[in-house]
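Peer 1: Protein chains in written order, with my numbering: chain A, 1162 to 1605; chain B, 1080 to 1378.
Treat the hints as calculated values from the structure; they're not laboratory data.
Treat the hints with care, as some may be off.
With the Cβ distance kept under 10 Å, some of the chain A side facing chain B (calculated, not the full set) [to be verified]: (1) 1351; (2) 1472; (3) 1530; (4) 1552.
Values in this document were obtained by computation on a predicted structure and should not be read as measured data.
Every residue gets a Cβ at the ideal spot worked out from N, C-alpha and C, and that includes glycine.
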Amino acid sequence: MEYALSVKDLRVSFYTRRGVFKALNGVNLELRRGEVLGVAGESGSGKSTTGLAIMGLLPRNAKVSSGSVLFDGRDLLAPLTSIRKFSTGRNESAIRKLHRELAPIRGKRISMVFQEPMTSLNPVLQVGYQIAETLVIHNPSLLASRKLARVRATREDTTALLKVIKENEGSETAVREFVESRHLKGLEEQALFIWRRNDINELRKERLILDLCCEKVGSTTKRLLESLEGGMGITKAPVLSRLLRRVLFKEGYRKAVEFLSTLGVPNPEKVVQMYPHELSGGMRQRIVIAIALINNPDVVIMDEPTSAVDVTVQAQILELVKDLKRRVNSSFIFISHDLSVLGEVSDRIAIMYGGRVVEVGPKEIVLKAPRHPYTTMLINAIPTLDGREIRGIEGEAPDMRNPPPGCIFNNRCPFAMDKCRKEEPPSYKVSEDHYVACFLQGGK
Amino acid sequence: MVEVRDLTVSYKVKGGTLNAVDGVSLAVRKGETVTVVGESGSGKTTLGMVVLRLINPTSGQVFFKGEDITRLGEGELKRFRGRMQLIPQDPYSSMNPRLRVGEIVSEPLLGREDREKVKEALNSVGLDWAVVDRYPHELSGGQRQRALIARALVSDPEFLVLDEPTSNLDVSIQAQILNLLLDLQSSRNLTYLFITHNMAVAKYVSDRVAVMYRGRLVEIGDAKEVMSNPLHPYTKALFDAVPEGDFRAKLRELEVRDEGRQKGCRYSDRCKFVRDQCRLREPDLLKVKENHEVACILY
């Protein structure tokens, strides 16, 4: 099985004045291509830390004592694990190195949606700018070729393009072939976007597609765009870089409008000109999702994307995620404390407790026939509409400075045996694809 | 026990007034739990605050045990304060961080430091006596919520307003607290006004359910009745939006709300059963069954 990303035996602890918090104690997770992996757990279970560690977004007091995050054949956290003797200073420089190494990956190949949509958007920038920014940084050549395509295309080209679209009823491959044969790469997505709109009539669509041509740009701008399209970075020359950036951002806004409309944002032309405070919570969350997805990343980590919004908005966001799962070929890690939310969107669910994955398996099995005592009790604690009695889990989450020896759940577990207080249970395979870290499942 | 009549709370906002609570009438009987559900901005928290007279109503009346407390001054209200208490939403910001738990819990006793009372209150919420010397930040979320409940109980109230008491807690702790609240209700014969946005929690605790939308009661009735047979389109939409326990997707999109005030039913711009008459007049609550009222033109 090929994995989009895999986390192996990850151990992270935070050094604070009040002691060493062992946040992750050997986390193993595999994310398969195209799936939504739900990660559930209570606060302090390490689910968010796992997400942040994958992105390399750890503070300097975080020690990665072992483990790896394998993505695309390399270990993302290698600079941190290679520290021999931990000190915050040494860790800080390692983290700086990590940030430099990960910069081309973050936002392009792995991206993240954070919990609080208000705080993860910049309040003083238009949302369109913030979406365009990720494009300008990670994918300027795409923007350049989009723009250049409109410059190069002649009326005759777009007329032919329209014919191709009509004949093939908007088939993507046919349009792509046509565009490539005429060296107009970048035109296809713009034309197809117009073709797929349903707020305007056919005639208007045809006009708009025909008008994707004969744009004029200055000769300097054209030269700059061409060098960008040819694979050079954005020039650093003072005046020229500003000129180029302005053109790119403008193009980025255009692309942002297209992308937002596919996410079901009404009036995207207006929305990109707005500031975060002018938007409702659900809309802001869509913007954040747009920023995360616009570069078509391999992996998207969503950290409680629906916890700060109303149930009705939550329902919309969940619908959106389900729809995205079908449409894009990214893999998702969906972190939430709410098992019923995960039940809606996930393919597989991993249950975390005390910095470990205690159970992982297909969602139907984990939710309907859980094998770990913690999962069972957690499910019994959720109030549902069928009105069955709920039972809380006695006791409190363990103090992660001094986690109990043996199984981390032994102090709250009604089935705890002597063995549980001495040894840490390994992960047992109980059925196809279903793993449980509990001695009760051992010996099978 | 507690009754409000035609209650309106309005705030001046840019470009007019906003009725956070708009003509709400509601009675809570002794010993029962009435749950108010609704989205954020529906006015449910404001309603809870007005019932306790922590916010003054713009018009309408509030009765506590038959006495009109709408126009009472602060001094006179003191007689009632101990008998009705609030359990606030956020256990983190509802406690003075500089006071020890013992001091926080004994606050409603107004200076009479009564060790026995505090001990009994802490006991009844399942907290150890040892916490009295701790500061709030030393407690876990669940313990903090328990301490807040103890604070509310220490003055022997008859009526409690619970404003989303569990929405900041983990599910395993949430279940503990909900069960604790139910136990306390039966052992102390308490009356609850429970405010929540979580339909499943509402189902678990309530005797009666009141659904609010933009400041107005749109449906009220016996919990079983409303849950099994929701009538108002908004109530139905709320249920559909709940991720189901059996994971059959039943989500339906609610359109993004238009903030402009329009004539007629305020739900008409999102309602999928909307008719012409809906836009003419705001419907009143109508009794469709014993213990079930709904404000919708369809009935």
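Peer 1: Confirm or reject each hint.
Peer 2: Here's how the hints hold up against the structure:
1. 1351: violated, 26 Å
2. 1472: This hint holds: residue 1472/A lies near chain B, its Cβ roughly 5 Å from the closest one there, short of 10 Å.
3. 1530: violated, 14 Å
4. 1552: holds, 6 Å
In this structure, the earlier hints numbered 1, 3 are contradicted, and the remaining ones agree with it.
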